[in-house]
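Following the hints, complete the assembly by docking chain S onto the known chain A.
There are 2 protein chains.
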Amino acid sequence: MMTPTAPPSAEPAALREDPLRFGVGARVTVAVMSDRYAEVILGALGDLDASGLVVETGDVSTYVGGPEDALLRWVTDLAAAVAETGEHASVSVHLSRGCPGEARCSAPGGAGPRPVAPPAGRRTGRFAAAEWALYPLADIAVGDHAPDHMRDIEAAIDLARGNGTFQGSSHFVTRLTGDLGDVLATAFAGWTMVGRTVQHVTSHLTVSVNSPSHARVDA
Amino acid sequence: MMTPTAPPSAEPAALREDPLRFGVGARVTVAVMSDRYAEVILGALGDLDASGLVVETGDVSTYVGGPEDALLRWVTDLAAAVAETGEHASVSVHLSRGCPGEARCSAPGGAGPRPVAPPAGRRTGRFAAAEWALYPLADIAVGDHAPDHMRDIEAAIDLARGNGTFQGSSHFVTRLTGDLGDVLATAFAGWTMVGRTVQHVTSHLTVSVNSPSHARVDA
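Chains A and S, in that order, are what the protein sequence lines are. Anchor point for the first sequence: position 104 equals 104 in UniProt numbering, and the numbering is continuous, going up by one each time. Anchor point for the second sequence: position 38 equals 38 in UniProt numbering, and the numbering is continuous, going up by one each time.
Incorrect hints may appear among the rest.
Example chain A residues on the side facing chain S (calculated, C-beta under 8 Å, incomplete) [claimed, not checked]:
1. Pro12
2. Ser51
3. Tyr135
4. His204
5. Asn210
6. Ser211
Hints listed in this document are in silico derivations from the structure and should not be mistaken for laboratory results. Virtual Cβ for every residue (Gly too), placed ideally from N, Cα, C.
Here chain A stands alone, though its shape is the one from the complex (with noise of 0.2 Å):
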């Protein structure tokens, strides 16, 4: 789970520089709502472009840890993939940075923030509808980066409206709808965001693809 414990490091520079030493990283569950789930699942994995990432499969994920711009273009692709099959599809994204432990953080009590570009998404002609949580955790003052995750959430909610993926909020979520390229990119530009200023952040989107509840939408 998520809380920082150990000490500051001693080279707090070089743990943010290296995206997997800051525990960079997503989960992803790709569930597709058809007898042929394995083949539909496993073609999509085998054409993705893998560089600069580490991959991991497992029964309930699929771990994917690197740097967020890599990330970002393999979630895509791997969504994109299953979209293009046309089969009625959830996709379950568990986005983490800062925290590169696991029931504690192993990791950089003092490392910082890691300030990055929110990563650019493409467009995939493909529509989502998709619910969002995102989560600013160990919110603590670090040198002279003040938290402010409140700015930084506000910032992501406007780049939502902003690129048309906001659709209103619910419980415990907001909702995004839109080309699945805009989706996945407004939820990591979010991310990293709140990254600023924020040491460990982690979100979480539920994407639904195909379904048969979404009218015909032109991305």
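Same frame as chain A, but now just chain S:
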């Protein structure tokens, strides 16, 4: 999303005592990896006892609000009904309490924690593997409630070790395996145990049932 900014309420006890006003609820996504997915989900939902709960079905997830014990009963009955069909499925459970708001906490800045006994689960006879994240948020001292979420997270992990569901830690999550009912009850226990001292606590659990990756297990 999730940051309490509202001023302290004039009646914190009343907010804590009403599960809906305190924002006790779950969002559940059931993804059945079969051409029969709609039939399986509708069949499972149709048979559930929703007494004491508010249920709103959406295209990405179903929201369920109400007291913790009724929520666990509902989620367990739903997941067990899906598991009993023999179809491979992924069940995502997003739990939240202490922040009824949406993009912002409209809620009880000063409501304080809501202490409840961890609800009792029931055995289902079905094996599950799950990945679990538990987030103490809004970790502020209210009155004589000194937050100590590390103590409570450790208590939750001890509980998982004690009931046999703890299987280890991995990137960003704790892995739970065993009887589906025990796995769900463990997640609810961690969520309510941390909630003894922290007002706003969320938890995300991704559960896999009937996976071809799982050897046959007597759960």
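Each hint tested on the structure:
| no. | hint | in the structure |
| --- | --- | --- |
| 1 | Pro12 | 21 Å, violated |
| 2 | Ser51 | 20 Å, violated |
| 3 | Tyr135 | 5 Å, holds |
| 4 | His204 | 5 Å, holds |
| 5 | Asn210 | 11 Å, violated |
| 6 | Ser211 | 5 Å, holds |
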